[in-house]
Every structure is written in C-alpha cells, then in structure tokens.
Amino acid sequence: MAPLDEERMNGVAQDPVIVAEKLDLTFQTNDGAVQALRDVNLTINKGDFVSFIGPSGCGKTTFLRVAAALEHPTGGTLSVNGMTPDEARQQRAYGYVFQAAGLYPWRTIAKNIKLPLEIMGYSKESQQEHLERVLKLVDLEGFGEKFPWQLSGGMQQRASIARALAFDADILLMDEPFGALDEIVRDHLNEQLLALWERTGKTIGFVTHSIPEAVYLSTRIVVMSPRPGRITDVIESTLPRERPLDIRDTPEFLEIAHRVREGLRAGHAYDD
Amino acid sequence: MDFEWLLGGFASLLAISYVNLQVANGGGRDQAITRLFVPVFFGIGLLILWEALVQGLGVPGVILPAPSAIWDRFTASTNILWVDFVQTFVKGALSGYVMGAIAAFAVALLVDRSDFLRRGLLPVGNFMAALPIIGIAPILVMWFGFDWQSKAAVVVVMVFFPILVNTVEGLRATERMQRDLMKTYAASYWQTLFKLRVPAATPFVFNGLKIATTLALIGAIVAEFFGSPIKGMGFRISTEVGRLALDMVWAEILVAAIAGSAFYGLVALIERRVTFWHPSQRRGR
Amino acid sequence: MSDAAIASSSGGFGTGARAVWDVVLPVVVVVAVIIGAWYVACVPMNIKEALTQAERAGAVVEPAGAKERRDMSAVGLALANSAYARDTLNQERPRLPAPHQVGQELWNTTGGMVLNGKAFSKRSLIYHGWVTLSATVLGFAIGTVAGVGLAIGIVHSRVMNMAVMPWAIASQTIPILAIAPMIIVVLNSIGVTGLLPKALISAYLSFFPVAVGMVKGLRSPDNMQLDLLSTYSASQSETFWKLRLPSSMPYFFTSMKIGMAASLVGAIVGELPTGAVRGLGARLLAGSYYGQTVQIWAALFAAAILAAVLVGVIGLLQRMTLKKMGMVH
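Residue numbers (the UniProt record's numbering), protein chains in the order written: chain B, 1 to 272; chain E, 1 to 285; chain V, 1 to 329.
None of these hints come from the bench; they were simulated from the model.
Accuracy of the hints is not assured; some may be wrong.
As the list claims (entries may be wrong) - Distance windows between CB atoms, simulated:
1. E:Gly61 / V:Ile169: 23 to 33 Å
2. V:Leu226 / E:Asp30: 16 to 26 Å
3. V:Ala141 / B:Ser56: 47 to 57 Å
4. V:Thr321 / E:Gln149: 40 to 50 Å
5. B:Glu191 / E:Val98: 49 to 59 Å
6. B:Glu125 / V:Ser230: 52 to 62 Å
7. V:Ser230 / B:Glu262: 42 to 52 Å
8. E:Gln149 / V:Arg56: 26 to 36 Å
9. E:Val98 / V:Tyr232: 53 to 63 Å
10. B:Ala33 / E:Pro279: 36 to 46 Å
As the list claims (entries may be wrong) - Keeping only pairs whose Cα atoms sit at most 35 Å apart, straight-line, the calculated DSBU-like set for lysine-lysine is:
11. B:Lys136 / E:Lys183
12. V:Lys48 / E:Lys91
13. B:Lys46 / E:Lys195
14. V:Lys323 / E:Lys210
15. V:Lys216 / E:Lys195
16. V:Lys48 / E:Lys231
17. B:Lys111 / E:Lys195
18. B:Lys146 / E:Lys183
19. E:Lys91 / E:Lys231
20. B:Lys111 / E:Lys183
21. E:Lys183 / B:Lys124
22. B:Lys146 / B:Lys136
23. V:Lys122 / V:Lys257
24. E:Lys183 / B:Lys46
25. B:Lys146 / E:Lys210
26. E:Lys210 / B:Lys111
27. E:Lys91 / V:Lys257
28. B:Lys146 / V:Lys216
29. B:Lys111 / B:Lys46
30. V:Lys67 / E:Lys231
31. V:Lys216 / E:Lys210
32. E:Lys195 / B:Lys146
33. E:Lys91 / V:Lys67
34. B:Lys136 / E:Lys195
35. V:Lys257 / E:Lys210
36. B:Lys124 / E:Lys195
Said to hold, decoys possible - Taking beta-carbon pairs under 10 Å as the criterion, some of the chain E residues facing chain V (in silico):
37. Phe41
38. Pro132
39. Ala137
All residues carry an ideal CB built from backbone N, CA and C; glycine is no exception.
Model the full assembly from the supplied sequences, consistent with the hints where possible.
So, in structure tokens, the structure goes:
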C-alpha cells in the first residue's frame with residue numbers, strides 16, 4: 001500500500017488500476033459458442049471515470065463482471081491493482097452496483113448497508129461509523145430504519161450505491177445502475193454521482209446504454225460492438241471536471257456525443 | 001314433524017342472507033368489520049338451520065345430533081376431551097410435527113450442498129408428498145407400540161416431505177444478482193447461507209409448515225384407528241361411532257376443528273412476524 | 001454461418017440426450033440408495049426372530065436363548081451373528097419385509113392371479129384396488145364438479161365470496177378426515193352402503209382444494225386483461241368463457257392433482273370402519289390385525305402406484321391441454 005499512497009501524494013495521474021491484455025471470453029451455450037469478449041486491451045487509471053457503451057451483447061457488462069471475478073476469462077489477462085480479480089476481491093478492492101438495487105427486503109436500509117461490513121468482520125462501532133458516513137454521501141440520512149420496499153426506486157438505488165461504498169473500496173463497478181429509473185430521477189442521480197466521485201476520488205467503471213449519460217459522466221468513453229464483443233473506440237473527454245447539468249447543451253458536449261454515435265455506427269452496432 | 005321449527009329455521013336463514021346481501025353490497029363493504037361480520041353471520045345462519053332441521057324433522061340423535069346437543073355434550077365432557085386432546089394433539093401431533101420439521105430442515109440443508117443429490121431427491125420427495133402416506137400407520141403402530149410414540153412417528157413421516165420439498169425449493173429461490181453480490185464480498189458458504197439464502201427461503205418454508213399443520217393432526221387421529229390406548233381423539237371417534245354416541249363424536253370433531261385452525265393460525269401468525277417483508281404479507285403496512 | 005448452424009444443431013442434440021440423462025440418473029441413484037438402505041435395515045429389524053427360529057432348528061447362536069437376546073441391541077446382535085443375515089430377508093412375518101418379498105407379494109396378488117384367471121378373486125389386489133379406485137374416481141368427480149361450481153359462484157357473487165370463502169379456506173385447516181368413520185356408519189344405518197359413502201368422503205376431501213384453487217385461477221387475469229374486455233363491453237359470461245376460464249386452466253389441473261390425492265386418502269380411510277371387507281384400506285387393516293406385514297406393504301405399494309397413476313394421468317392431461325392452449329411449449 002505504501003508506494004500507492006506516495007504516488008497519490010505526488011498527484012500522479014497515470015496510475016493503472018485495471019489492466020486488461022488480450023482478454024478473451026467464450027461462453028458455451030446450447031446454441032454453440034458465443035464470443036462475449038475478443039482481444040480486449042484496456043487500461044483504467046486511478047481516479048478515472050470510464051463508461052462502457054454499446055448495444056446488448058457487446059460484452060460491456062461481461063467486462064465488468066470479469067473485473068469483479070464474477071466471470072473468468074478464457075484467454076488473456078486482467079489485473080486489478082496488480083492482482084488477479086480473485087485476489088482483489090479478497091482485498092475488498094471494489095464495490096459493485098447492479099442493474100437493480102437488489103436490497104434484501106428483510107433488512108432495513110441501515111442493515112442492508114451494513115451487510116458487507118458484517119461479512120467482512122467490521123466491529124459494531126465501526127459499522128455504525130461507516131453507515132452514517134455513506135448515508136450522508138448518498139443523501140439518505142434519516143431513512144436508515146426504513147425497509148427497502150418503503151422507498152422509491154431512485155432511493156433504493158442510492159442505498160445500493162451506499163452499500164457499495166460502505167467498505168471503502170477504491171474501485172466502484174456500476175452495471176447500468178440507473179437503467180430502470182425514469183429520466184428525471186436519472187438526471188438527479190447522475191449529478192449526485194459526479195459530486196460523489198469528485199469528493200472521494202474513486203475509480204469508476206460504468207456500463208450504460210445512454211450516450212448522454214456516458215458523455216456527461218465520463219473522463220473516458222469506451223465504445224464496444226457485439227459478435228464478437230470488442231472495443232471499437234476509446235474517446236477521451238475534453239469536458240472540465242466540474243460539470244453542471246446544462247453542460248449537456250454546449251457544443252463541446254454535443255461534439256463528444258457525436259463522436260460516440262459515430263463510433264457506435266462504425267462498429268456496425270445497430271446492423272440487425 | 002314440527003313446522004314451527006322448520007319455518008323459523010328457514011325464515012332466519014332468509015333473513016340472514018338478506019342482511020348479508022345488504023351489508024356485502026352496502027356502503028361499508030370494504031371495511032374489516034364487514035369482512036368479519038358476513039362470514040360469521042352466515043355461519044350462525046347455518047347453525048340455526050341445522051338446529052331447526054333436526055328439531056323440526058325429529059332427526060334421531062344417532063344420525064345427526066343437533067348443535068345444542070353437541071354443545072351440551074361438549075361442555076359436559078371437557079375432562080375426557082382434554083385428556084384426548086393432550087394424548088393426540090400435544091403428544092402425537094405436536095411432537096411429531098416438531099421432529100419432522102427439524103429432520104426436514106436438516107436433510108434440506110444437506111441436500112442443498114450437492115446439486116446431484118438435490119436433483120435426485122426432489123422428484124422422489126415430490127412423489128412421496130402425493131402418496132397416501134397415512135397407509136404406513138399400521139406398520140408404525142406395529143413397530144412403536146400403541147401409545148403416542150407410533151402416532152408421532154406417523155406424523156414425522158407425513159410432515160417430512162412437504163417441508164423438505166418446500167425448504168429445498170426455497171433455498172434455491174435467490175436471484176442470481178443477490179448471489180453475485182455476496183460473491184463480490186468474498187462471502188463464505190455459511191455467510192451466504194445465513195445472510196441471504198435462509199432468509200430468502202422463509203416464505204417457502206412457512207408454506208410447507210402450514211400445509212404440514214393439517215397433515216399432522218390428520219396423521220395423529222387416523223393412526224389411532226389402527227390401535228391406541230383407551231384415550232385419544234381418534235380412539236374416541238372410532239369407539240363412540242361404534243356405540244352410536246354421535247354427540248360425543250361431534251364434540252371430538254369440534255375439538256379437532258378448533259385445534260386444527262388454532263394450530264394453523266399460530267403458524268400463520270409466526271409467518272406474518274417473520275416474513276413481514278414478503279410482498280404477500282405487506283398489506284396494511 | 002452455415003458451419004456454426006450445423007455445429008449448434010448437433011450440439012443441441014447431444015445436450016438434449018445429456019439433459020435427459022441428467023434428470024434420470026440422480027433419481028435412479030437416489031432410489032437405488034433407498035432400496036439398498038432398506039435391505040440393510042432389514043437385518044437388525046428382523047434379526048431376533050431369525051435367531052429364534054435358527055436356534056429352534058438346532059443352530060448355535062450368540063448368545064443362546066431368546067430371553068437373553070430380548071434386551072440386546074438389534075445392531076449388536078446382527079454383527080455378532082452375521083451368518084444369519086440372509087435369514088432376515090425371507091421370513092414369513094418379518095417386522096420389515098425385504099423389497100423382493102414385497103415385490104413377490106405384489107406380483108402374486110396381481111399379475112400372478114391374472115395368469116391363473118383369478119384376477120377378481122377376493123385375494124387379488126386388482127380386485128381391492130378396483131374397489132378403492134372406483135370410490136376414489138366417483139368421489140373425485142363429484143367433488144370436482146361441486147368445487148368448480150362453488151368457485152364460479154364465489155367469483156361472480158360478492159356476498160358468496162364474503163360469506164363462504166373464509167369457511168372454505170378455514171375448512172382446509174380442519175382434519176376433515178376424522179369424520180370419515182362417522183359418515184360411513186351413519187349412512188350405513190340409514191341403508192346407504194357400498195360405494196357411495198366412501199365416494200362421499202372422497203368428494204368432500206377433494207371439494208375444498210378444487211374450490212379454493214379454482215377461485216384463485218378464475219381470479220388470475222390481471223386488471224389490464226379485464227379492462228380490455230370491458231372496452232369491448234363484453235358480458236360477464238363472455239368474460240368468463242373467453243378470459244377467466246382459459247386463464248384458470250393451470251390452477252385447475254394443479255388443484256385437481258391435490259384433490260385426486262386427497263380423494264384416494266379419503267377412500268382408503270373410508271374403508272377402515274366397514275369391518276375390513278373390501279378395498280386397499282381393508283387390506284391394510286386386515287394385515288395389521290393378523291400381523292401380515294408383507295400384505296400391508298404390498299397394499300401400501302398398490303396404493304402408492306394407484307396414486308402415482310391417477311396423478312400422472314392428470315399431469316398428462318394437463319400437459320396436453322396446456323400445450324394445445326399454447327400455455328407451455
């Protein structure tokens with residue numbers, strides 16, 4: 001840990017956290033083999049906000065799942081903090097946010113957020129400390145004793161982000177976390193997520209279907225294409241770190257969105 | 001034949017039906033009190049009609065005793081009824097129910113660890129749950145003697161399969177996402193079991209436990225038809241039927257009905273407490 | 001692309017055969033283990049009787065004398081006298097008959113009797129099975145018709161729903177089976193004998209599960225589907241025939257399976273108080289009176305086979321009907 005801390009003090013930006021080299025993943029299904037990922041090379045640096053965009057079947061979720069050791073590659077390597085994904089999991093290196101909140105209905109919001117802390121053996125006091133901090137972070141103070149089914153969909157998803165943040169992982173992997181929410185709630189959560197990223201300096205991998213969402217949030221946008229799942233373009237965002245919602249009407253924003261759309265088209269993403 | 005009784009009986013049923021019709025379609029039709037009032041009133045109407053038919057037509061007590069006669073017998077025989085209740089329900093049904101449930105949970109946890117075992121045992125368990133298991137009563141009476149032990153053994157076998165099948169299914173009832181979440185925490189088998197899979201299984205478990213309440217009482221009563229000491233609800237029913245003392249038989253049936261619905265109600269109440277979070281239990285919150 | 005298609009289709013065939021094997025193999029293994037355990041259990045269960053008989057025939061067993069052995073553990077005896085393990089599997093009145101003995105008895109009282117031309121003799125399980133089966137099916141038919149009728153009434157009448165439905169649900173928590181002996185005796189005393197009293201018990205037992213299941217089924221269409229028919233201003237009976245009844249079919253078959261199993265139990269229990277004359281229930285009772293354990297087990301398996309066949313037939317009808325209606329693939 002020591003060298004990492006040193007580098008952070010020095011403010012070194014180019015500090016690789018997730019490194020994929022020649023990553024291949026083939027699923028065996030009843031309809032034959034499916035190449036979910038082919039020859040994927042990507043480096044995500046510390047503090048990056050990287051979005052993955054592309055049509056269904058392009059492997060964007062699969063890539064995230066490989067990074068979280070929920071799938072295992074059939075070729076190539078992927079390392080997290082210089083370790084294998086399995087080792088990184090043991091080190092509690094990342095928090096994962098799924099498409100649905102997936103809160104346990106038999107636990108209160110507070111108990112849900114404490115779930116990973118219980119499993120990882122945090123003391124009772126320390127659990128409470130972490131809980132209070134992340135509840136404030138996602139703006140859910142005062143809702144700890146509610147049950148998930150008593151809250152709106154947006155609040156549930158915020159609670160699930162709090163759960164992923166609770167154990168201080170430096171990496172946040174988010175798989176279409178706002179996909180099921182309506183546009184207005186989504187805008188609001190996007191804004192909050194950016195503020196949270198700014199405040200905590202976490203590294204975020206973010207899967208989405210939405211071009212505006214990807215452009216608004218990211219420092220880099222990875223465009224992917226299906227059959228086989230592969231990266232067709234990586235776009236560096238030129239937007240400033242400080243991004244009010246109306247930045248989406250600026251020519252700069254529209255220019256990047258246009259490039260993403262072009263990238264998707266070049267990958268024949270919407271052929272059939 | 002006594003026409004006053006008959007006339008009175010039908011008139012009161014008609015009156016009750018009319019009132020029920022008005023209440024059920026009236027202004028307060030969705031209130032809790034209406035939900036309670038209508039069925040209770042209907043039940044009272046049936047009882048009045050029963051009494052009236054027996055009195056009016058002069059039906060002999062050896063064919064169908066009147067509700068009043070059954071109630072008289074019930075209040076006069078509380079001692080015997082209590083002894084029978086303890087013998088059959090507490091010793092036979094309840095102890096068998098607890099043992100069968102514990103055995104079913106243990107086997108379910110074991111089966112759950114092996115996919116092969118699960119795929120082999122689940123169809124067999126489902127098959128057994130549909131069989132007339134009550135038929136093993138004579139065998140178990142032969143093995144464990146006439147007293148309550150053999151009844152408890154019958155109950156164990158009867159409740160085992162429904163609880164087993166439901167628990168095994170419940171343990172599988174978690175979503176892939178929930179299991180993935182536990183994986184990202186590097187949770188151990190036991191942590192996943194106790195923090196995710198057991199809570200998620202409780203609605204299924206209670207489904208099995210509720211089915212088993214009725215089976216337990218049936219098993220304990222019917223097993224006594226194959227031999228018992230000179231007490232017990234099944235013993236009393238079969239001997240009093242032989243002596244044509246039907247008021248006593250009906251009094252035992254009343255006890256069985258109260259015990260059966262109270263037992264079910266108790267399990268359902270515990271279910272409400274434990275699985276308050278489940279969508280089927282959330283009404284009124 | 002064509003290569004891939006061929007590969008996937010041949011792969012599909014292979015996985016299909018493997019899938020069947022994956023389903024069948026575990027069940028076969030589990031059943032085999034159960035039968036094996038049954039044989040093993042026979043040894044300690046029957047060892048005392050086996051040793052007594054062997055001693056009577058002049059053999060030397062350890063320890064000598066039935067009295068000395070009475071309080072010893074059966075497992076210990078079985079280990080000390082393993083030479084007599086074979087004798088535990090072929091006794092005339094074992095505490096636990098071995099599987100082959102039960103199979104033998106089943107064959108002797110069914111197929112064997114057919115070969116001798118005595119298929120319907122009083123010792124034939126076909127005869128007793130037929131008696132039970134006819135009461136079961138008759139009662140099931142009555143109970144199902146009545147149950148569906150009540151369900152239709154409950155779904156269409158508010159007051160019936162409120163007044164009757166709680167009782168229908170509560171009645172499922174009551175051990176109705178307990179009144180079986182009384183119904184038989186009372187009906188006998190007023191001159192109704194034979195098939196009908198048993199069928200009435202079966203009908204009563206299958207009535208409530210069918211009624212409750214059908215109410216659920218007839219109410220299964222959601223609001224959107226009902227609203228759609230309202231926009232066509234469909235009448236209540238049109239809604240019933242075109243939406244409610246078709247949607248209730250899966251529930252109908254599931255509750256019929258439960259009702260059929262309950263009917264069979266009702267018929268068997270209904271045969272107990274008639275003095276053990278006819279039917280599988282009577283065979284069970286007679287067997288327990290005279291200690292004919294092999295006969296009890298054979299009757300038990302006959303009942304199990306009957307239940308499996310009856311429920312299986314409904315399952316088959318279910319699959320055929322739902323397939324025709326496009327509800328399963």
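These are the hints, each one checked on the structure:
no. : hint                            : result
1   : E:Gly61 / V:Ile169: 23 to 33 Å  : holds, 31 Å
2   : V:Leu226 / E:Asp30: 16 to 26 Å  : holds, 18 Å
3   : V:Ala141 / B:Ser56: 47 to 57 Å  : holds, 52 Å
4   : V:Thr321 / E:Gln149: 40 to 50 Å : holds, 46 Å
5   : B:Glu191 / E:Val98: 49 to 59 Å  : holds, 56 Å
6   : B:Glu125 / V:Ser230: 52 to 62 Å : holds, 59 Å
7   : V:Ser230 / B:Glu262: 42 to 52 Å : holds, 49 Å
8   : E:Gln149 / V:Arg56: 26 to 36 Å  : holds, 31 Å
9   : E:Val98 / V:Tyr232: 53 to 63 Å  : holds, 55 Å
10  : B:Ala33 / E:Pro279: 36 to 46 Å  : holds, 39 Å
11  : B:Lys136 / E:Lys183             : holds, 26 Å
12  : V:Lys48 / E:Lys91               : holds, 30 Å
13  : B:Lys46 / E:Lys195              : holds, 33 Å
14  : V:Lys323 / E:Lys210             : holds, 32 Å
15  : V:Lys216 / E:Lys195             : holds, 33 Å
16  : V:Lys48 / E:Lys231              : holds, 31 Å
17  : B:Lys111 / E:Lys195             : holds, 11 Å
18  : B:Lys146 / E:Lys183             : holds, 26 Å
19  : E:Lys91 / E:Lys231              : holds, 12 Å
20  : B:Lys111 / E:Lys183             : holds, 18 Å
21  : E:Lys183 / B:Lys124             : holds, 22 Å
22  : B:Lys146 / B:Lys136             : holds, 15 Å
23  : V:Lys122 / V:Lys257             : holds, 30 Å
24  : E:Lys183 / B:Lys46              : holds, 24 Å
25  : B:Lys146 / E:Lys210             : holds, 29 Å
26  : E:Lys210 / B:Lys111             : holds, 29 Å
27  : E:Lys91 / V:Lys257              : holds, 32 Å
28  : B:Lys146 / V:Lys216             : holds, 32 Å
29  : B:Lys111 / B:Lys46              : holds, 30 Å
30  : V:Lys67 / E:Lys231              : holds, 32 Å
31  : V:Lys216 / E:Lys210             : holds, 18 Å
32  : E:Lys195 / B:Lys146             : holds, 19 Å
33  : E:Lys91 / V:Lys67               : holds, 32 Å
34  : B:Lys136 / E:Lys195             : holds, 25 Å
35  : V:Lys257 / E:Lys210             : holds, 19 Å
36  : B:Lys124 / E:Lys195             : holds, 17 Å
37  : Phe41                           : holds, 8 Å
38  : Pro132                          : holds, 5 Å
39  : Ala137                          : holds, 8 Å
Figure legend: structure checked against the earlier numbered hints; every hint is met.
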